[in-house]
Amino acid sequence: MRRKDLLGLKNMPAEEITEILDTAVGFRAISERRIKKVPTLRGRTVVTFFMENSTRTRLSFDLAAKRLSADTLGFSASSSATNKGETLMDTARNIDAMKPDAIIIRHSAAGSPHMLAKAFPWTVINAGDGINEHPSQALLDMLTMRDHLGDLAGKRVAIVGDVFHSRVARSNIFGLQTMGAEVVVAGPGTMCPPDMAHLGVEVRHRIDDVVEDADVIMMLRIQQERLGAAMMSTNREYSQFYGLDLDRLRLASPETLVMHPGPINRGVEMTPDVADGTQSVILEQVTNGVAIRMALLYLLLGGEPLGEDHA
Amino acid sequence: MPEPILLRGGRVVCPVTATDGVLDVHIVDGVVAEVGADLAAAGAREIDCTHAIVAPGWTDLGTELCDPGMCYREDLISGSEAGAAGGFTTLVASPATDPVVDTPAVAADVVARAKTVSGAQVMQSGALTIGLAGERLAEVGLMVEAGCVALADGRRTLADADVLRRVLQYVRPFDVPVLLRPGEPSLEKGGVMHEGAASMHAGLRGIPAAAEELGIARIVALVRATGTRVHLTHVTTASGVARVRAAKADGLPLTAAVPARHLLLNDQAVEASVYDTATRLLPPLRAEADRLACLAAVRDGTLDTITADHVPWTRVEKELEFMHASPGANGLETALGAAWAALEGEAATVVQALAVGPAAVIGRTAQVAVGAPADLVVFHPKREWPVAAPYRSRGGFDPLAGRSLPAAVGLTLVAGEVVYGPRTD
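Top to bottom, those sequences are chains S and P. Counted the way the numbering used here counts, the first sequence spans residues 1 to 311. Counted the way the numbering used here counts, the second sequence spans residues 1 to 425.
Bound-form chain P, shown alone (with noise of 0.2 angstroms):
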């Protein structure tokens, strides 16, 4: 069992008991025992939390942390400290690895694997369809079993609409989140960046975001039709954005994210870094437009979460060719930095997108309260942090380096263990 921890003097912020304030947080036995102010705690490691904010730490569905079969690029455990260190303290991870998690066997070894890390918590979402190819049914009920507490696509997007109807209809019984990315392969192909003025700037091709609104229009019909509960892992834009809130408004049981650094950073990151393949992403940096209604729909809760985006690559995948450079970049480290600054510290709003707004698809609630999992943040809002390597994370590629982001994390725990910040006084 982990030595009791007191917290002392930090500013709480938790959406679920509408707390705000300047509290002492007592932990023993790996759960909080009392919130209150000027807390008595003997025998207790007082950690000096003033100035900083404690909060539930954040949950992150659809990380990609390669393991098995591509660990080169990232494994559960790197992948865990480097969730850790950007105050995740639950990371759901992607089946698209090599294996695909698309079996009882495979699912079962990750799990298992999983408990052996010591940053954040691991936990596995298995494929709906057999290799993530979109084809045929893996076996889900199986792998729910084996203990996957989530079914993906693993970015793969399900265009066939008959397959994705009865993917839908057939896991609905098993009452497991299904993890989906909106998007039409179509008219992805070829396209490298978001196409719109900055594409046609930079001379590259473009996906347009009628990609996105189509997929997600596709998921909407389907859920409609199914009733299946869906969670769209990468909503990005104005026009995806509205159909996501129309059809929150019909009551249809549907959860959504957007990628902390696409509230951050738009289109035009891609030529003023002079096409630096760290900014080639799927889905792409949008434009201004679209990174501000994604902002105002964080805001009003129609954007329920924000996602890391961790897609980890090496020099390999990336020292390429813009349009050759494999999608993708870092995102658990910078995460909190990226929603701090976007959303200008409105506390309530990051904690309840990164932290609440997650676990609640995975049924669970991020909470700083009596009773609860010790699985807390402590961060400094004010405190500017250089975004550089070394990574936590084996992969070496993220559009914000060379910045300086806000929320520098001080401590991560899990359990009431830390696993990130100093071990001992």
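If we strip away everything but chain S, and leave its shape as in the complex, we get (with noise of 0.2 angstroms):
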């Protein structure tokens, strides 16, 4: 894989997918070994640059890096108002000067990952950016996918709930596309609006339009906190009409999955049953999420191969 930086999927041929998805599982062995590391990426700085609250994400690439023997560094702030404080710009400036190898940066406004990498000679890894994209997390989903179902091409995704605000779901439509995957989207008017067509998914109302067929149901997080006026009524509401439950689940197949980006909100998106059910994949996309982010990394600073130094 021949590229700088990750900031998305938007663009990204499917052989490179395919490359990172397979490289993943190379790694996944190491993380159930006793000593889980590699000496890959030693003396490698890597910094983890969250100007958003995660502790998934944040985590997930922290040891992803140190299971490759990187040097960690850690900076979070709020992402308040430029105008308070030291620009985005000038924070790189900074942490330029420390000569890092790589930035792995999540951020509120879309486009910062790539503002950072026309500036800057160090990979910079897309964390998230706004409602952008989230690219490690659709890769880590499409593994897990993959796990389960083989080749994604002629799949059927269903992704469930705020998707216009999801950059989670973006990604993945971005690249489950490039697979050949079909992806349709269902959410409130407000969350799933009819020009979401052209990103070239199916767009529908209610969950029970799009559970039947699918192979995946993909769930995403209501962030009522974030939501502007109107956007939503009730919790209650929302489950009524697009949360998952065992009598919906029940209407697909029992082989579909049961996906979620995390962290879920019991009773709101799915019930706890569907959670900590036979059907949830929740918790293997987790430790694919650390996989996949190793195989970034290593692809894209070029590591030693994997072949000799195994400790």
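I should point out that these hints are in silico values taken from the structure, not numbers from a laboratory. Warning: the hint list may mix true and false statements.
Unchecked claim - Restraint ranges, calculated between C-beta atoms of paired labels, are given here:
#	chain 1	residue 1	chain 2	residue 2	range
1	P	R113	S	A229	41 to 47 angstroms
2	S	A229	P	R315	32 to 38 angstroms
3	P	R315	S	L59	56 to 62 angstroms
4	S	R3	P	G131	45 to 51 angstroms
5	S	S253	P	A210	40 to 46 angstroms
In this text, a Cβ means the ideal position worked out from N, Cα and C, and glycines have one as well.
Join these two chains into a complex; the hints should help.
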């Protein structure tokens, strides 16, 4: 994979996606060992720069870097308005002065990773930029799907919830379509506007419309605190029309996967018995997350080949 | 008094006098003295205009000159020079300054300092409301007496219909043009580009076309109710154009402008430039269908004027994340090139939209005619030029940067004086 940065799946060809998924499979094995470390990125510096709250993605990237023996450094800041304190570019210049090899950035402003990637020589990995993309999440989602379903071409993936504001949904839509899968989205009219069809997806407005033929049902988190006025009514109304419970899940096939990027609002997007049920692969997604992120760091930073130096 | 000038052999394009042909123009004492073929003009400085177009200079309504108070972005002098370089001979400055031009004292100060510029003429518009806050009427009458040639909302849309109606009722007797940006703030908040397929793909929150349409509808209804003459400073959507067309068909006293760059660029520029903040504009670049509707509207006269939409910003405001960057970009130096490229060299239409239409809004006639002030532009339609820093404007951002545009300006004259171009042979 010859690229400096991972900014999104928008323009990533299928061969690269496949390469990342295949590489991640190799790294999964390392997390099963007693000594979960390889020297691949020994002496390299990886900075996590999280301007938005996140526990699991940040830990996942941090762990991935450490398992590859890289030195890690964490910056976090609340992403408040730019006129207070240092600009993003100035913070980046300061980090640049410390000569990092890669920056993993999460930021509320779409296009921030792209701005840094243009201006600096180090690798930029987008860990989520506004409502635009979250490519590592979509890659781990696709790996999970591939583990269970095989080739993604021709598979039907339903994404349910606040699709419009979801960078997870967007990256999945781009990546899945590149791999030949069909994507259908469902959610309230405010969260699944007709314009979504421009992304090549089918747009529906009831979860019941999309569960039957789906190979995967991906539920998204409703973040009521982030929504503007009049985007949705109550959680009760939402779960009635868009929540996944066992009755609805029974409309799908027993092989249909239930996925969620986490964290789950139990009782809103899905009931506890679905979250903890046999079709849920939510925890596998997390395991795959570390492997995918190790694969990304390895492929982007050009670490030593996996062959020899295993501990 | 400037030396007499003879513009030799240019194609004079003057819609007001229905002129379009190769003619010489003789300028004496700041005024056009003669227009004809093979003029003899002893003692005049002869300027060869072969293959160039000679036209009345452009007028811009609502240019942000940032003076007083934000002169690091632009001031009357730098803005005047940037205008002249773009072929503008008159700029009507926005009142959105610091302090806002909302009192006769501030207005008189700017009007006086404007007399010292040596590029395009600078005139001033006064704020309609105090501080441009949209609540209380400013001293518009006193500002007109102090020299303001128009009144404006400074792009800060007057969304409260009750206030807007009172404002229109109050200013009507002063009979100066009212410059308003149509919009609907509640639909604009949070949006950073046009809402549509491109914003969906780019992962950015958008401003729907409905915001502009609603703004135009509100203004149209109140113009109908009050009879006050209004100029819409930014119409950029197909639905907006339709509203303007209908209002004009009803005989309402309304004129409208479209930014030059909105005729050439569409909303795909945001992602194509990889979130370059020079493409962060308000109103935003619109969808292709809107761009085409605006082009057709310029051709059929529904949109009377093309504006430079000049909002200069520096690195401090633009080297930021897309959603935090201040909206706006340079426009004076590229307006002609963008309009010429978009309208595919239809000279009469370009001159009408850049010169005649906007001048008429402030009650002037832009023409190349005997007795008229020699406010003229000479440009080379086929000469391509690169859009790149350094600009004459203090602003550093133009979404057209990196491109080549046609129609390089060769010479700009204000009252017969060369304000851009070779000052002597």
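So, going through the hints one by one against the coordinates:
1. P:R113 <-> S:A229: 41 to 47 angstroms: The hinted range 41 to 47 angstroms holds for P:R113 and S:A229, with Cβ atoms some 45 angstroms apart.
2. S:A229 <-> P:R315: 32 to 38 angstroms: For S:A229 and P:R315 the Cβ distance comes to about 35 angstroms; the hint holds.
3. P:R315 <-> S:L59: 56 to 62 angstroms: Given about 36 angstroms between the Cβ atoms, the range is violated.
4. S:R3 <-> P:G131: 45 to 51 angstroms: Because 50 angstroms falls inside the window, the suggested range holds.
5. S:S253 <-> P:A210: 40 to 46 angstroms: holds, 42 angstroms
Hint 3 from the list above is the single one not met by this structure.
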